[in-house]
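Peer 1: Assemble chain B onto chain A, guided by the hints.
Residue numbers (my numbering), protein chains in the order written: chain A, 463 to 790; chain B, 32 to 690.
No wet-lab data here; the hints were simulated from the structure. Heads up, none of these hints are tricks.
Facing chain A, a subset of chain B residues (Cβ under 10 Å, in silico): (1) N173; (2) L181; (3) G262; (4) L301; (5) P306; (6) L405; (7) E468.
The beta-carbon is built from N, C-alpha and C at its ideal position, and this holds for glycine as well.
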Amino acid sequence: MPTLSARFGDLARRHPWAVFCGRRAVRLTVLLLLVVTASFAMIRLVPGDPVRAALGVDAPPDLVAAKRRELGLDRELTAQYWWYLRRLAHGDLGVSLVTGEPVAELIRSRLPATLRLAVLAFACVLTVAIPGGMLAGVLTRGGRRPRTELTLTATTSVVAGVPDFVLAAGLTAGLAVGLRAFPVAGDLGPQSYVLPVLALALAPTAVLLRIVRVETLRVLTADHVRAARAKRLPAATLYLRHVAPNALTASLTIAGSLLPALIAGTVLVEKVFAWPGIGSAMAQSVVAQDYAVVEASVLVLGSAVLVANFLVDLALALLDPRSVIRET
Amino acid sequence: MAPSPSSPSSRSLRRPSRGGDGDGGSRPSRPSRSCWATPMGVVVLAMLGSLAVLAVAGPLWWGHAADRPDPSAVLQGPTGRHPLGTDHLGRDLLARLLASTWPSLLPAVAATLLGAAAGITLGALTAVVGGRARRLLGAFVNLLLAFPALLIAMFFAALFGAGARGAVFALAVACAPGFARLTQTLAAGVAGTDFMAAARVLGLRRHRLLLRHVLPHVAEPLLLNVTVAVGSALVALSGLSFLGLGAQSPSYDWGLLLSQGLERVYTEPLPAVAPGIAIVYAGVAFQLLGEVLAKTATRHAAPRHAEGPAPPPAPAGRRPASPDHVLEVEDLRVALPAGDRTIRPVRGVSLALRRGEMVGLVGESGSGKSLTALALADLLPDGARATWNAHWFLGADVGSLTRGERHRQLATGMAMVFQNPASAFNPALRIETQLTEAVRAHHGTPRDQAVEQALVQLRRVALPGERRLLRSRPFQLSGGQRQRVAIAAASMLRPDLVIADEPTTALDVTVQRQIMDLLRRLRRDDATAILFISHDIALVADTCDRVLVMYGGTIVESLPARRLADGARHPYTRMLVASVLDLTAERDGTPPTVEGPPPDAVGTDPGCPFLDRCPQRLDRCAVEGPVPTLLAPGHEVACWRPLPLAAPPGQPETEEAET
Numbered sequence: 463m464p465t466l467s468a469r470f471g472d473l474a475r476r477h478p479w480a481v482f483c484g485r486r487a488v489r490l491t492v493l494l495l496l497v498v499t500a501s502f503a504m505i506r507l508v509p510g511d512p513v514r515a516a517l518g519v520d521a522p523p524d525l526v527a528a529k530r531r532e533l534g535l536d537r538e539l540t541a542q543y544w545w546y547l548r549r550l551a552h553g554d555l556g557v558s559l560v561t562g563e564p565v566a567e568l569i570r571s572r573l574p575a576t577l578r579l580a581v582l583a584f585a586c587v588l589t590v591a592i593p594g595g596m597l598a599g600v601l602t603r604g605g606r607r608p609r610t611e612l613t614l615t616a617t618t619s620v621v622a623g624v625p626d627f628v629l630a631a632g633l634t635a636g637l638a639v640g641l642r643a644f645p646v647a648g649d650l651g652p653q654s655y656v657l658p659v660l661a662l663a664l665a666p667t668a669v670l671l672r673i674v675r676v677e678t679l680r681v682l683t684a685d686h687v688r689a690a691r692a693k694r695l696p697a698a699t700l701y702l703r704h705v706a707p708n709a710l711t712a713s714l715t716i717a718g719s720l721l722p723a724l725i726a727g728t729v730l731v732e733k734v735f736a737w738p739g740i741g742s743a744m745a746q747s748v749v750a751q752d753y754a755v756v757e758a759s760v761l762v763l764g765s766a767v768l769v770a771n772f773l774v775d776l777a778l779a780l781l782d783p784r785s786v787i788r789e790t
Numbered sequence: 032m033a034p035s036p037s038s039p040s041s042r043s044l045r046r047p048s049r050g051g052d053g054d055g056g057s058r059p060s061r062p063s064r065s066c067w068a069t070p071m072g073v074v075v076l077a078m079l080g081s082l083a084v085l086a087v088a089g090p091l092w093w094g095h096a097a098d099r100p101d102p103s104a105v106l107q108g109p110t111g112r113h114p115l116g117t118d119h120l121g122r123d124l125l126a127r128l129l130a131s132t133w134p135s136l137l138p139a140v141a142a143t144l145l146g147a148a149a150g151i152t153l154g155a156l157t158a159v160v161g162g163r164a165r166r167l168l169g170a171f172v173n174l175l176l177a178f179p180a181l182l183i184a185m186f187f188a189a190l191f192g193a194g195a196r197g198a199v200f201a202l203a204v205a206c207a208p209g210f211a212r213l214t215q216t217l218a219a220g221v222a223g224t225d226f227m228a229a230a231r232v233l234g235l236r237r238h239r240l241l242l243r244h245v246l247p248h249v250a251e252p253l254l255l256n257v258t259v260a261v262g263s264a265l266v267a268l269s270g271l272s273f274l275g276l277g278a279q280s281p282s283y284d285w286g287l288l289l290s291q292g293l294e295r296v297y298t299e300p301l302p303a304v305a306p307g308i309a310i311v312y313a314g315v316a317f318q319l320l321g322e323v324l325a326k327t328a329t330r331h332a333a334p335r336h337a338e339g340p341a342p343p344p345a346p347a348g349r350r351p352a353s354p355d356h357v358l359e360v361e362d363l364r365v366a367l368p369a370g371d372r373t374i375r376p377v378r379g380v381s382l383a384l385r386r387g388e389m390v391g392l393v394g395e396s397g398s399g400k401s402l403t404a405l406a407l408a409d410l411l412p413d414g415a416r417a418t419w420n421a422h423w424f425l426g427a428d429v430g431s432l433t434r435g436e437r438h439r440q441l442a443t444g445m446a447m448v449f450q451n452p453a454s455a456f457n458p459a460l461r462i463e464t465q466l467t468e469a470v471r472a473h474h475g476t477p478r479d480q481a482v483e484q485a486l487v488q489l490r491r492v493a494l495p496g497e498r499r500l501l502r503s504r505p506f507q508l509s510g511g512q513r514q515r516v517a518i519a520a521a522s523m524l525r526p527d528l529v530i531a532d533e534p535t536t537a538l539d540v541t542v543q544r545q546i547m548d549l550l551r552r553l554r555r556d557d558a559t560a561i562l563f564i565s566h567d568i569a570l571v572a573d574t575c576d577r578v579l580v581m582y583g584g585t586i587v588e589s590l591p592a593r594r595l596a597d598g599a600r601h602p603y604t605r606m607l608v609a610s611v612l613d614l615t616a617e618r619d620g621t622p623p624t625v626e627g628p629p630p631d632a633v634g635t636d637p638g639c640p641f642l643d644r645c646p647q648r649l650d651r652c653a654v655e656g657p658v659p660t661l662l663a664p665g666h667e668v669a670c671w672r673p674l675p676l677a678a679p680p681g682q683p684e685t686e687e688a689e690t
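For reference, chain B alone in the conformation it holds in the complex:
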């Protein structure tokens, strides 16, 4: 909900689901036809069709029977001749019910159209009049909206005098403010646009502005609301007739029939229930129509929950975990359902972290690094599924753990620091709660002790202010303060592994450096392993022990951080390094740019993901994905043709040329 700066990693999370639409931008304009082909669309069309037929044919077929009194059959119950019985003049109630479809529907439509016309005019005026008039109009509409429409309708119906015409006008008055408010809101969006400013500069007349520029841009949502309003107008009009304020005898509508039926409900329930069903039927028809139209307007492919978060097939005991490894994962894959396809943003990531090691995971947005982190932390979005060949955490095979064991292991062994400190804290809770709840839940620490521990951790991240800070809420802190609190919260349980997912991206440069220092100190003091995810290769080169470069859902190169500047062998790593000309100076947080299109997220191509952008691809690269090969101790590259250690083409003057 917080408007976060569209950051690389959040984009990388969202892109797959959007990419699943397949044909991209053309999609939203087309699905209108398919919406009517859904069961709901068919039902709505059938309901509206039956109402239309009844409205037209009702008076013709049943009009005569409805008005024919029969003194011999007064106030009868349901019989074969009169399925709903007869009224006090012996007229057939079923005929009256069917014949009154038209007089029940027409006033509702008329009242809605009248009210909508008045309200929309009033609301659209606010977009073209000046500041003071706009405020006055807004306040006026606000005042009217304070009253429920039904109350306004009753007031005006009493004022205009009982009768169908008075009721229609009363209802029009009652529903106008709602339309005015909606139009105001929509038009406010239009009023601020460039073309409105241009039109005003051109000196276009107000009614011109209104008709040519404001209304066309707000037409669609208004139309949708008119549809829904017809349904509620129908119900309200029936209510007015029911009260005796609408249709007057000898004319009649459903509301009046209901009112008359209710007088004898003690002996015969059907004459009261049948008009009620008719009112509900018509009201629901229009409401459903609105829902179908709304779906048409804002249709999005809901993620299908194809295969639940099933336990991944783990070949048990394939390889024991190295004793000094906190985390070890081999061939991690993540599949996300998108529409009717499955995309694979992570396709075979292997990594290992030793105790106290700080490893950087680098890649551009969409490379799958955030999903890798979420998969490691068991926090994948709904519907996503992770599989692996081997996954060891804290010496235990993750695949063989029960849910409860895995939960406990993650609760105390792993902590996360998220990218956007503005949205990673619950805005409604105090900092104290958010700092202490984990340690209280998992260690059973009493509250005052937990608070003491929290104060210690806050001092460690150089946040004085102490108890006052604990009592504050997230919105009272700055971004840098919040990220410090997040690190303090992560270290409360002294976890073995902290996954920091772009923790500095949303912060400015000086704060970035402080946060990095904190993470380094955490690693040194507590021997916590840190998986540091970033798109900023310079930052990673500075702070981490090892660097994993990710591209298209796979790790293309893994090497010691100090070798990054001069020892990178994968063409992509080389391009990333080259894009940051000076590894120590440039650090403004802009993602490194590498020419060419980003990799396709579906991930069905057999070849190397970097193929399209690679300057020196081989024929082999298109048909066979490269496998990671060890080039030197601690240096692995997944490339069929790793670059030589000599100067890369086009980069002769950089320092790596000298070594």
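Chain A with its partners taken away, still in its complex shape:
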């Protein structure tokens, strides 16, 4: 055992990148398996008979039985699991219990809308929170401008406390219904994106802005910034070269952890705006008890979260190579 770990340590020292990527890939695979298993287990674990619940209490028994056979629910559990995995490998997600349409088709038509929403919102979070937080940090360093700091803290904690679906409802009521400035629902072109993206991005922006500010304040008191100040560099060089990169790595780690929550948040926001994405499909099928669609949505959203996590980790490792060494 010690020799094995010693050999591993040696490998890690010589090829930190390979070991890092390998570990991350293993982790991703395990997590994806977990998601697949969870989505497989869902329809089989729900109390009562999901097929009957979906088809209605007065559905003829032979129709229910046929549906159960179609879903493979009459087989042995391990056989079901293998069958499920094989189907999944072929991109087959089964058919909706309610409409009988293939679920894969539904996902394929709806996933792009959800991804567009999430990516746009995340981009907004980054472009506002990072420069804003750094500026706030520079302005309020060392207890300067206490009133600005108080206003900022108060505003961001209130904004961060507003849940996205409530904000979405408020925006709809105020801007779409009240002022008629934006479409109320659906995807009708670029201006339809404004409200859903705003609803999704506002709270994470407030959270990230505070974190970037605190990180900037921490870096500003670092010894190496004092050494850089001693060189009397122009302010732009000082802040952009000596403060920004160091404040960014920690901030981006937090930003990366906001992305999965943002993807999950699309479910609620899409429901408010009747956005033609996965989230609203999931919300509808939850009410209709269409577990075939719910399990596919869980699978897709869960995998999206994992892949986003993985990509963020890789991006961070590229930005700060020391983290690769630290971890291996």
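Peer 2: Just chain B now, with coordinates in the frame of chain A:
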């Protein structure tokens, strides 16, 4: 961020701000009461109080009105009788909103407590189980944490079946991993402590260990997180109800009211907005509570920015600078605000450096030598203020310069070498950038020329490796290499003055000697004046031309370095010298020890700062601070009763006795 060895000069920088708390150690345990007396504390208490009153009184007062259908007033907008309008059965929406405070808050609290209990148990277990089980538990929690809580909650809510109870359990499952991770992190700190080891040796049972030793030590931060989690649970539960996974008709909560209100948002926005405001109100209340509690836990006196870095009052043209002086400062004082007081770590320092002169500034930690250096370089921390009677640098009166002129003067005329080479370089930037950026910014040197100059300077500090070194990052160099690079960087612009603030303290003895040689060569080749700050009087005696001994924020003695061993006249200098028995042998970097308490940093006492530790004080010393007097050419002492040149008491056999 780098865990630097707690070095004398960094302590001297930090001590004032800590000393400002006044009553020292007892402070952190007490401020809990005062935190609630802040405006924020009052607001939080008021918000939570109103929620509690509504939760209890809501169903009693409005419960009846909330459930009374009125077929004549279905789906009405806001009217005088129904301020928020009515729902599809004609029930009053305001009554429903207020009556549902309890069913909205209770599940959130229940879900948080359930989840916290499960998570904390899981996390605390890792502190008491063996290695393999601990790794497995850690990995398990990590896997769960990869998913956002909302997604997990939705999954389990769908699994447990729509309904309030299912939603509570789902949310408990969703928030458990977060608590488990937090507990693991906190418990890991406890697991390594001595008393845990002792408890294990005593053979205490696991649940005993858990209850008696682990949990009490991690209770406070966990409690704080439970508070914050109630707020997010409330929001998440409303979200589940909103999706149709939470409360089911005929029961209702804020999330369901919001969902129902949203269906008619096109005609009536208020029925959707009002429950939203209620959710936000409660969520913010709990979040603010967490913030107040966190402040209570980690309160520290933020430095007040009382008087900005105002230009010091300089009596203009009081005295012209001597032509051969690079730097001349008279009666330099530094004031730092700490809490509601002002401390004065530097109180009247006068010094002058000639071109090419190397002057040592010696003193124990807290004597104000680093702040003196920072004041001379205009690098004082925020809130600190420097004043002086006269301050000349490179022939210009500093007080009469504009900001831009002063900036340019310092940019090319002065360079600094800091104590800790591990933290003085930006870890994210290549050595090349950090070496060349100053010369490129101030002389406009093109990049390739700047690189050539950098290579010349690196060769001067005996660092071969050349371009490969330029491409490396600070963490790839050793401490000694980094300090050489720092000296190379300081000499890139051929400054007139280099301030080296304990440049050798963090290095081992052989490297120390090399660094000192480099500084001496820099002085000889470029005629650069060097202000060398150190607590190591032996090192200073070896290398400098002149020595300034600092104590309690003032310079108590100034004398030629070669006279240090036998000619010191101030009792403090004498004690410092005596503490290093052999001036040439002992140089292990430990600060010289002088008995007695360090001087008080507030600096309001009128007498001599050395009074409490002085073996031969006079009555006069307590009421009147000694003024520097010239005893011999180049030798000044601030003491009412300088020691005679003869052997000091208790030191008869040292060499100064013979002269």
